[in-house]
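Q: Chains A and B, in that order, are what the protein sequence lines are.
In terms of my numbering, the first sequence opens at residue 6 and continues consecutively.
In terms of my numbering, the second sequence opens at residue 6 and continues consecutively.
Don't take every hint at face value.
Any copy will do: because identical chains look the same in the list, a pair fits if it lies in one copy or spans two.
PhoX-like, lysine-lysine: derived pairs with alpha carbons at most 20 Å apart [to be verified]: (1) Lys120 with Lys8; (2) Lys8 with Lys28; (3) Lys162 with Lys188; (4) Lys13 with Lys143; (5) Lys100 with Lys143; (6) Lys28 with Lys58; (7) Lys156 with Lys13.
Bear in mind the hints are in silico, worked out from the structure with no lab data behind them.
Number of protein chains: 2
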Amino acid sequence: MFKDLVLKNRSYRRFDERFEISKNDLMNLVELARLTPSSVNWQPLRFALVYDKEINAKIFENLAWAGLLKEWKGPAEGERPTAYIIILCDNTVAKNMKTDVGIVAQTMMLGAAEKGLGGCMIGSVNRDNVYKILNIDKDRYSIDLVLALGKPAETVKIVDLPDDGCTNYYRDENDVHCVPKRKAEDLVIFLR
Amino acid sequence: MFKDLVLKNRSYRRFDERFEISKNDLMNLVELARLTPSSVNWQPLRFALVYDKEINAKIFENLAWAGLLKEWKGPAEGERPTAYIIILCDNTVAKNMKTDVGIVAQTMMLGAAEKGLGGCMIGSVNRDNVYKILNIDKDRYSIDLVLALGKPAETVKIVDLPDDGCTNYYRDENDVHCVPKRKAEDLVIFLR
């Protein structure tokens, strides 16, 4: 069932860093991305694929992790992502294609989940530094989203919203990452 | 394989209108949407679910179909969608969440494909009219995307780009809808 894959595809932020991700794994995800719908079929999105230890470390330094976990500075050494997919938009093709970005990002993450991988979509990026690391023309390409990938090494659980309706995720007393999700019926505002 | 589902999930614009879509089918797709990642876990998106013949007809009148097929005015009677999911953003929760919209839209379309359904993401919408049809507060909710759904009744084929690199989709001499997609290797601008 596709729902099982959607459920498996949680946002993971701690990984088993001994597990490497191959170029082939990443290219398989790009192959999925190319098969997704694109507005007016423009297909303006491009991908920077990073799986080399040295470049991984440089990218890692320029990402902000889990803004809602104020005490946590991000994954420690040994639990960091072992690959990144940086999603860029070629502005000579089309601009401001955020819906395309979401379509592609989710498709790639579902593909990663099928392989037993996982990760997190990160929008809080020191873009100036990442342009330099990748040696990419910042006038032509916008960095829209970063997919941090690895072999998940934490438990993530969907829970109900608390009584006050707060959607903030948190870690419970067993270090389980808990994500309050609204109920389906609360998302429907017209039905006929 | 997840790739088979991604391949099955083409953008369809002609349907077998005898095939009805149930409220339950649509709620199953909302259940998938609620399980998707959302920026800062805000979950600002809401859904208007339409499967009633009369409302379907009203929504249909306010959508623009396949802008690149200049001669085609959209699906004829008998081949129109039998349900719509209108994706809205509750601006009291968060604004301008287009990446969330893409994540949710693709997840719902993949879920529809698994059920043997299909459809098209439509951004060209007469929003003022749709707000009135749904009786929804336009100051609070933005209409971000419409998913038109039905039982597909056309063939859609992925093809290579022509020599001039044009990505425009077209219908061939057998009325097959052809969608030129870039090759995976042409989407990768950094690899290491």
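Q: Hints first: check each against the structure and report whether it holds.
A: Now for the hints, and whether the structure bears them out:
1. Lys120 with Lys8: Both, since 16 Å and 12 Å are each at most 20 Å.
2. Lys8 with Lys28: between (28 Å within a copy, 18 Å between copies)
3. Lys162 with Lys188: within (15 Å within a copy, 37 Å between copies)
4. Lys13 with Lys143: neither (35 Å within a copy, 35 Å between copies)
5. Lys100 with Lys143: Classified as within: same-chain Cα gap 13 Å, cross-chain 26 Å, threshold 20 Å.
6. Lys28 with Lys58: within (13 Å within a copy, 49 Å between copies)
7. Lys156 with Lys13: within (13 Å within a copy, 28 Å between copies)
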